[in-house]
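Asks: Here is what each chain is made of, one letter per residue.
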Amino acid sequence: MTMTTLFYISLGLYAAALLVELAGVAVKRDKWKNLAWWVFVLALLTHLGYFVWRGLVAQRLPLSSQFEFSCGFALGVSLLLLVARTRLSADWIAAAGMAAVTLLMVYASRQKMEISELMPALRSFWFDFHIGAAVFSYAAFLVAGCVSLRYVLQHRKGEAPDSLKMKKLEYLSYRLVALGFLLLTAVIVIGAIWAEAAWSAYWTWDPKEVWALITWIIYAVYLHIRLRRQYSDLFLSWYVILAIPAFLFTFAGVNKLLPGLHSYA
Amino acid sequence: MRFANILLALVALLCGVSSLLPQGNELAYYAQNYPRLYPLIYRAQLYDVFRSWYFILLVALLSLSMLACTASMLRRALRSGRGAVEKAAALPNAEALDAAGLEKLRLYLASIRCKEEKIGQSFVFHKNGFGRWGTFLIHLSILLTIAFGAMALYLPQVTDRSCWPGETLTLEDGTQIAVDSFSMYNAEGQLDYASVIRITLPDGRSAGPQEIRVNYPMTFGKYKVFQWSYGAGGAVSARSLSTGGTDRFTSLDSGSVLSIDEKNLIEFLGVYEATPTDGSEEKFVFYQVRTVRDGVYEDAAEYRPGESVTLGDVEFTFLDPYYPGLRIKTLPVRAANSLLEAAFVLMLVGLFICFYLQPVLVKADEKGYTVAGPRAEKLRLELRGRLAGEKEAQT
Numbered sequence: 001m002t003m004t005t006l007f008y009i010s011l012g013l014y015a016a017a018l019l020v021e022l023a024g025v026a027v028k029r030d031k032w033k034n035l036a037w038w039v040f041v042l043a044l045l046t047h048l049g050y051f052v053w054r055g056l057v058a059q060r061l062p063l064s065s066q067f068e069f070s071c072g073f074a075l076g077v078s079l080l081l082l083v084a085r086t087r088l089s090a091d092w093i094a095a096a097g098m099a100a101v102t103l104l105m106v107y108a109s110r111q112k113m114e115i116s117e118l119m120p121a122l123r124s125f126w127f128d129f130h131i132g133a134a135v136f137s138y139a140a141f142l143v144a145g146c147v148s149l150r151y152v153l154q155h156r157k158g159e160a161p162d163s164l165k166m167k168k169l170e171y172l173s174y175r176l177v178a179l180g181f182l183l184l185t186a187v188i189v190i191g192a193i194w195a196e197a198a199w200s201a202y203w204t205w206d207p208k209e210v211w212a213l214i215t216w217i218i219y220a221v222y223l224h225i226r227l228r229r230q231y232s233d234l235f236l237s238w239y240v241i242l243a244i245p246a247f248l249f250t251f252a253g254v255n256k257l258l259p260g261l262h263s264y265a
Numbered sequence: 266m267r268f269a270n271i272l273l274a275l276v277a278l279l280c281g282v283s284s285l286l287p288q289g290n291e292l293a294y295y296a297q298n299y300p301r302l303y304p305l306i307y308r309a310q311l312y313d314v315f316r317s318w319y320f321i322l323l324v325a326l327l328s329l330s331m332l333a334c335t336a337s338m339l340r341r342a343l344r345s346g347r348g349a350v351e352k353a354a355a356l357p358n359a360e361a362l363d364a365a366g367l368e369k370l371r372l373y374l375a376s377i378r379c380k381e382e383k384i385g386q387s388f389v390f391h392k393n394g395f396g397r398w399g400t401f402l403i404h405l406s407i408l409l410t411i412a413f414g415a416m417a418l419y420l421p422q423v424t425d426r427s428c429w430p431g432e433t434l435t436l437e438d439g440t441q442i443a444v445d446s447f448s449m450y451n452a453e454g455q456l457d458y459a460s461v462i463r464i465t466l467p468d469g470r471s472a473g474p475q476e477i478r479v480n481y482p483m484t485f486g487k488y489k490v491f492q493w494s495y496g497a498g499g500a501v502s503a504r505s506l507s508t509g510g511t512d513r514f515t516s517l518d519s520g521s522v523l524s525i526d527e528k529n530l531i532e533f534l535g536v537y538e539a540t541p542t543d544g545s546e547e548k549f550v551f552y553q554v555r556t557v558r559d560g561v562y563e564d565a566a567e568y569r570p571g572e573s574v575t576l577g578d579v580e581f582t583f584l585d586p587y588y589p590g591l592r593i594k595t596l597p598v599r600a601a602n603s604l605l606e607a608a609f610v611l612m613l614v615g616l617f618i619c620f621y622l623q624p625v626l627v628k629a630d631e632k633g634y635t636v637a638g639p640r641a642e643k644l645r646l647e648l649r650g651r652l653a654g655e656k657e658a659q660t
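Same order as they appear, the protein sequences are chains E and C.
Each step along the first sequence adds one to the number in this note's numbering, with nothing skipped, and position 215 is 215.
Count along the second sequence from 1, then add 265; that gives the number in this note's numbering.
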């Protein structure tokens, strides 16, 4: 079996898990949802195996190209889903989470997959920390979006906003945004220190830097308005959902549309 | 806070606008590529948004707003710290509690390592008192980042210079940077630009030889020298066979001629990189030169670096044609970098404290309990779930 085959097996398993989950939701069968979850866990293990294999072949953290980053991003989301489901008993998160992971893997499969030698600028002590933090930051924002989506759907079903269930949902979304925000700050800070060593300046207003800052500001405003409780939980949930395009653009859009110092990624 | 949010949104908006248009080019570039939008680009300084007066004004206003915010947070943190436990003990109960509930609450709070104090008839459970400093530290660190960041970004002077191995650059103040060698591949055969340099300051102090590579600059005095780029050109050493005297000639252009007696000479045509057609070897470079021997023109010939040709009394040896481009950064205030990096660390510490070490302050008695403190949301939800029954806690 080749390494690429393992990637496609993982993608296939994620897609299968999603289909079974959706079928389970449609016919309201918990057995199907359980089966979907175990298929998802199998997909995650395969994915993890692929990631480790690729890392061993490349002899580095495999997060340097758009393919590798998308693959790592999907793995980050899967791991967070695993934590959410096992530690927080949030089984409802599966459908949206599986859809997000499958879409990310499909996106990854459309990128160049070959392992390339790291360019000199990327051979740095900071590489693993900068990119690793970015993977988990985006993953946390995406899972927060899934949680907020759940909040909005529950609200539409008539669930009282003051119920403990809804309060916990909104709080989980906030905690995930807080985790993502802390990690995004680390990404920016580590990136700045690295940029000074590599390019002689902490900040060059490169499109990737600018969009990372925009994403940071969007979530900083969320944290501010949430702290002050100026708006309802429903508004905050919509805010988190609508913020998703910002970090997705920072992740993929900038590389495709805005040439800059990060264009190699 | 609303004002700060508006300012933040405006900064984000301007950042977004700036990314739609390449920044920092000559005005002619915009006139040529965006003829319709050019008047707007010119008037609104959209060609260099981050140096425009309105962007600088926004950042200044944001800094002032944060300064005010930081001061009020400092006051609040100091005030809430004084006698916090005693104040909590005097709070009225927010939720009812029976004796069994109190025991359940006590057990839970002990499991999360809260300290318990009995004040009068009340019990106060508390931990993470320093957590109240989190938001203050975040805002302070952002302010420091803006201040030291501006110093680190705008005070240093940066110049790019190239220097052949074996030659020395002399800067305006007399500092000398000597390049001993330059290589493009490391021992594993990976592309990895590296120069070995020495720096000598005007007062005679010197440092090196030290290897600099991308990501690994050399700092000495007020200078930081980066491995920045590389170039290729003709470089030849000439040795007189009779006297043994040698000389080096670098940066040869196409058509450059080297001769001593005008009867024997080499004419430099170019230096090229090539890949063998049989695939037996990796890329290689070669010189193409025309030679004149005792006044007779010979066919153009190819030489690899390290090879020689003897013409009359002179032996010409072709040198490695690559030379490094160095970026030289002058740091007028060296401490700015360290201070900025300290502000970064403070920011991360502040965020960690704010999100993960929130202060816990719970007052309870036999009739009820209340969760005090500015950021007690998690605990409120947790206790509500634990004490109001598991059914409600299910999500």
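Any given hint could be a false lead.
Said to hold, decoys possible - Calculated pairs, DSS-like style, for lysine-lysine (alpha carbon to alpha carbon, straight line, at most 25 Å): (1) K643/C / K165/E; (2) K548/C / K369/C; (3) K165/E / K369/C; (4) K487/C / K632/C; (5) K167/E / K643/C; (6) K165/E / K31/E; (7) K380/C / K594/C; (8) K208/E / K594/C; (9) K528/C / K487/C; (10) K352/C / K594/C; (11) K392/C / K369/C; (12) K392/C / K167/E; (13) K167/E / K369/C.
To be clear, the hints were calculated from the coordinates, so they are not data collected in a lab.
The model shown is predicted, which means the values in this text are computed figures rather than measured ones.
Asks: Hint by hint, which ones does the structure fall short of?
Replies: 2, 4, 7, 9 and 10
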